[in-house]
Amino acid sequence: MEAPHHQAPAVTLKITVNSPEHMGELGRRLAKILRPGDLVMLTGELGAGKTTLTRGLGEGLGVRGAVTSPTFVIARVHPPLGDGPSLVHVDAYRLGGGLDEMEDLDLDVSLPESVIVVEWGDGKVEELSDDRLRVVIDRAVGDTTDEVREVTFTGLGARWADADLASLGA
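369 is the number that this note's numbering gives to position 95 of the sequence shown; each next residue is one higher, with no gaps.
Bear in mind the hints are in silico, worked out from the structure with no lab data behind them. Each residue gets a CB set at the ideal place from its N, CA and C atoms; glycine is no exception. Treat the hints with care, since some could be wrong.
[Claimed, not checked] With a Cα cut of at most 30 Å, we get these calculated DSSO-like pairs of lysine-lysine: (1) K306 x K398; (2) K288 x K398; (3) K288 x K306.
[Claimed, not checked] Using C-beta positions, here's what the derived DEER-type ranges look like: (4) G339 x T286: 30 to 36 Å; (5) E295 x G356: 22 to 28 Å; (6) T290 x E387: 19 to 25 Å; (7) R338 x R413: 28 to 34 Å; (8) A440 x P310: 30 to 36 Å; (9) L355 x G311: 15 to 21 Å; (10) V415 x G336: 33 to 39 Å; (11) P386 x D420: 37 to 43 Å; (12) S384 x V347: 32 to 38 Å.
My request is simple: use the sequences and hints to build the entire structure.
Take a look at the structure:
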């Protein structure tokens, strides 16, 4: 199936992360380029560092509350301490129906005014927005220290066409 021509090309950046501290720092850097309404989809196996990245992101955005994995609550809202956006942290692992179910969560927050981070969102939340940042965290192949991760950022849609993803690798 051919993609519609109006779709901006995807922008991709790969970063090797050497430690959980580095992962948190990457989250803080990512916070600097995120805007209200941004949808970030996090993919990676258990223990890959999704929550560590999101925790750094929360620190960078300056939101209230410790960022922990929202596995049992499905979604957690971290309101801003200052004038930044809220962080909505969603675990879509158990969400079967995608968007409708997301709306059923009745998140007490305006999604267009928030940064939304969805773990396990592939195939479930794409319809929330044409513009999204897909973040895939993989364990480095053949790595023996078990700390090294390959993080691939793929910006989809017009929002990311001119975003400074390169600054994440700085």
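Sort out which numbered hints this structure fails and list those numbers smallest first.
Per hint list: 6, 8, 12 violated.
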